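Protein sequences, first through last, are from chains A, B and C.
Sequential numbering of the first sequence, starting at 1, is according to the working numbering.
Sequential numbering of the second sequence, starting at 1, is according to the working numbering.
Sequential numbering of the third sequence, starting at 1, is according to the working numbering.
By construction, these hints were calculated from the structure, which means they are not laboratory data.
All of these numbers come straight from a predicted model, not from anything done at the bench.
The beta carbon of each residue, even a glycine, is placed where N, CA and C say it ideally should be.
Careful: at least some of the hints might be erroneous.
Calculated Cβ distances over 12 Å to all of chain C for the following chain A residues [as the list claims (entries may be wrong)]:
no.: 1; residue: 35
no.: 2; residue: 44
no.: 3; residue: 45
no.: 4; residue: 65
no.: 5; residue: 85
no.: 6; residue: 98
no.: 7; residue: 102
no.: 8; residue: 111
no.: 9; residue: 116
no.: 10; residue: 119
no.: 11; residue: 127
no.: 12; residue: 153
no.: 13; residue: 154
no.: 14; residue: 155
no.: 15; residue: 160
Think about it this way: if two alpha-carbon atoms lie no more than 27 Å apart in a straight line, the pair counts; the simulated DSSO-like pairs of lysine-lysine are [to be verified]:
no.: 16; chain 1: A; residue 1: 157; chain 2: A; residue 2: 98
no.: 17; chain 1: B; residue 1: 37; chain 2: B; residue 2: 204
no.: 18; chain 1: A; residue 1: 95; chain 2: C; residue 2: 92
no.: 19; chain 1: B; residue 1: 132; chain 2: C; residue 2: 32
no.: 20; chain 1: C; residue 1: 19; chain 2: A; residue 2: 128
no.: 21; chain 1: B; residue 1: 132; chain 2: C; residue 2: 100
no.: 22; chain 1: A; residue 1: 95; chain 2: C; residue 2: 37
no.: 23; chain 1: B; residue 1: 132; chain 2: C; residue 2: 54
no.: 24; chain 1: C; residue 1: 79; chain 2: C; residue 2: 100
no.: 25; chain 1: C; residue 1: 92; chain 2: A; residue 2: 54
no.: 26; chain 1: C; residue 1: 54; chain 2: B; residue 2: 123
no.: 27; chain 1: B; residue 1: 98; chain 2: B; residue 2: 37
no.: 28; chain 1: A; residue 1: 157; chain 2: B; residue 2: 37
no.: 29; chain 1: C; residue 1: 15; chain 2: A; residue 2: 98
no.: 30; chain 1: B; residue 1: 132; chain 2: C; residue 2: 15
no.: 31; chain 1: B; residue 1: 123; chain 2: C; residue 2: 83
no.: 32; chain 1: B; residue 1: 98; chain 2: B; residue 2: 60
no.: 33; chain 1: C; residue 1: 54; chain 2: A; residue 2: 48
no.: 34; chain 1: A; residue 1: 128; chain 2: C; residue 2: 37
no.: 35; chain 1: A; residue 1: 108; chain 2: C; residue 2: 15
no.: 36; chain 1: B; residue 1: 83; chain 2: C; residue 2: 54
no.: 37; chain 1: C; residue 1: 100; chain 2: B; residue 2: 60
no.: 38; chain 1: B; residue 1: 123; chain 2: B; residue 2: 98
no.: 39; chain 1: C; residue 1: 32; chain 2: A; residue 2: 98
no.: 40; chain 1: C; residue 1: 85; chain 2: A; residue 2: 128
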Amino acid sequence: MNKTRRAVLQSSSGFSVMALAAANGLFTSNAFAQAAAAAGKPVAEWNKAAFDTKSLQATATALGGGTAVESRDIIISAPDIAEDGRVVPLNVTSKLAKTEAIAILVEKNPNALAANFAIPEGTEPFVKTAVKMGQSSNIHALVKADGKYYFATREVKVTLGGCGG
Amino acid sequence: MIKRIVTSVLVTVLFSTASIAQNNNQGGDSTIAGIEKYRQALADANPAELWEARGEEMWKQPAGPKNASFEKCDLGLGAGVVKGVYAILPKYFADTDKVQDLESRLVTCMGELQGIAAADATKVVFGSSGVKTDMEALVAYVAGESRNLPIKVSLAHPKEKMAYEVGKKMFFYRGGTHDFGCVTCHGADNSRIRLQDLPNLSKKEPAQRAYSTWPAYRVSQGEVRSFQWRLFDCFRQQRFPQLAFGSEGSVALTMFLAYNANGGALNAPAIKR
Amino acid sequence: MAYPMKIRASMMGDKVVVKALITHDMETGLAKDSSGKTIPAWFIQQLIGSHNGKTIFNAQFGPSVSKNPSLEFRFSGGKVGEKVKLTWIDNKGETRSDEKEIA
């Protein structure tokens with residue numbers, strides 16, 4: 001993606017993003033922008049700065065928040081031991097009022113942030129997915145609730161398996 | 001240079017021996033329970049479903065020089081029947097006068113119905129990053145249509161009996177640079193590689209558990225792997241010559257393992273490390 | 001070419017449970033192929049879920065989401081027979097949309 005286009009993406013409405021994408025012949029991107037617009041959501045740019053961060057607090061800052069505070073109202077459900085780090089299934093539930101977003105971070109991965117889920121009104125503050133882990137590490141759930149950032153931590157050990165049966 | 005080669009061979013030998021450890025260590029129970037939980041969590045979202053869906057599409061889609069679908073393909077229960085066939089394969093087919101497993105039979109259908117030469121049909125049979133194979137999708141779909149059915153492989157035809165005997169011989173045969181064989185890893189109880197249990201395939205229950213869960217989505221590879229792949233990779237690990245895809249030997253070994261698993265309920269494509 | 005997603009959408013009480021599987025290599029850009037060449041990063045960056053023209057899900061992914069990603073989320077306000085639509089876009093601009101009726 002070139003710089004001009006990124007700048008335009010950051011500052012423009014969904015409509016002009018679509019127009020630009022079409023002008024560039026990026027019909028695939030155009031299709032995504034249209035789907036986003038149809039869902040009443042102008043397309044946001046992928047948050048490269050946040051995905052480049054190396055730590056929990058740096059991610060919170062890159063996502064636009066202040067210092068994240070530990071909370072018992074965030075529950076991470078994950079296996080204690082993963083037989084293979086390439087797929088670590090987990091889910092996160094937030095009991096914090098006005099939960100707006102749930103991010104999943106793997107502390108020791110080359111980049112900490114794995115995914116960030118916006119929770120629109122009407123959607124439960126719950127998400128389930130699977131992430132890669134390069135080694136045994138803490139997993140953090142970073143939750144934005146009522147404009148503030150909170151987190152919870154859980155350790156997952158990664159083993160080296162054999163030939164897979 | 002020579003010294004380095006010798007050292008590396010030594011290391012490999014030591015590693016192979018040491019890593020097939022007996023699973024009798026104390027305090028390993030919580031680890032094993034933890035891994036069991038991990039496996040259950042994996043099973044909750046099995047990407048093999050994506051292969052099954054692709055395979056079903058492919059089954060119905062006309063393809064090849066003859067522009068034909070697989071809907072007239074006879075996998076053992078008549079033209080076009082998919083449900084239940086994986087439970088009775090490998091079996092003898094009169095038209096080819098051969099015992100065939102699912103993969104080799106699919107190659108026959110690709111040739112006869114679609115006009116695709118066997119060499120082309122088997123050129124890329126194992127997917128990798130950026131490469132999706134028709135074979136793995138078809139295998140996932142067909143196997144999935146026998147889910148929960150008991151494995152019921154027959155040795156009624158003399159060629160089926162012969163395949164079983166050849167497969168048995170192959171299973172117990174040791175050779176190569178490491179004096180290795182299938183039996184080295186799969187002939188005793190409670191063996192494992194690292195934390196991976198190695199099923200004793202000469203016994204009914206472990207054979208059922210192993211065979212009934214192939215093909216499988218391997219999370220370590222991010223691909224669905226066929227039983228042909230499973231054997232191919234075992235041969236590689238044994239430092240044996242490359243196992244030719246769908247070859248008579250590969251089918252014979254499959255026949256031996258499938259017959260030993262008779263009665264077990266199919267649960268494939270499964271998801272595995 | 002992007003393959004269809006596998007989507008399940010089913011009622012659980014008054015909520016809709018959406019489960020999705022996506023075919024995607026999710027290359028980190030750190031792995032090497034068998035010839036030692038680095039495989040370039042290639043991963044889904046954004047995913048939007050919608051129902052009746054309203055956003056019900058909006059995710060940003062980095063490359064450490066697992067290969068062939070799986071997802072589950074729950075929302076209220078859906079009824080049997082209505083459609084849930086998911087759309088993703090990756091860092092190469094490739095995109096895919098699929099719909100599923102709520103069962």
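Tell me the hint numbers this structure goes against, listed in increasing order. Hints 1, 2, 3, 5, 7, 8, 9, 10, 11, 16, 18, 22, 23, 26, 27, 30, 31, 34, 35, 36, 39 contradicted; others consistent.
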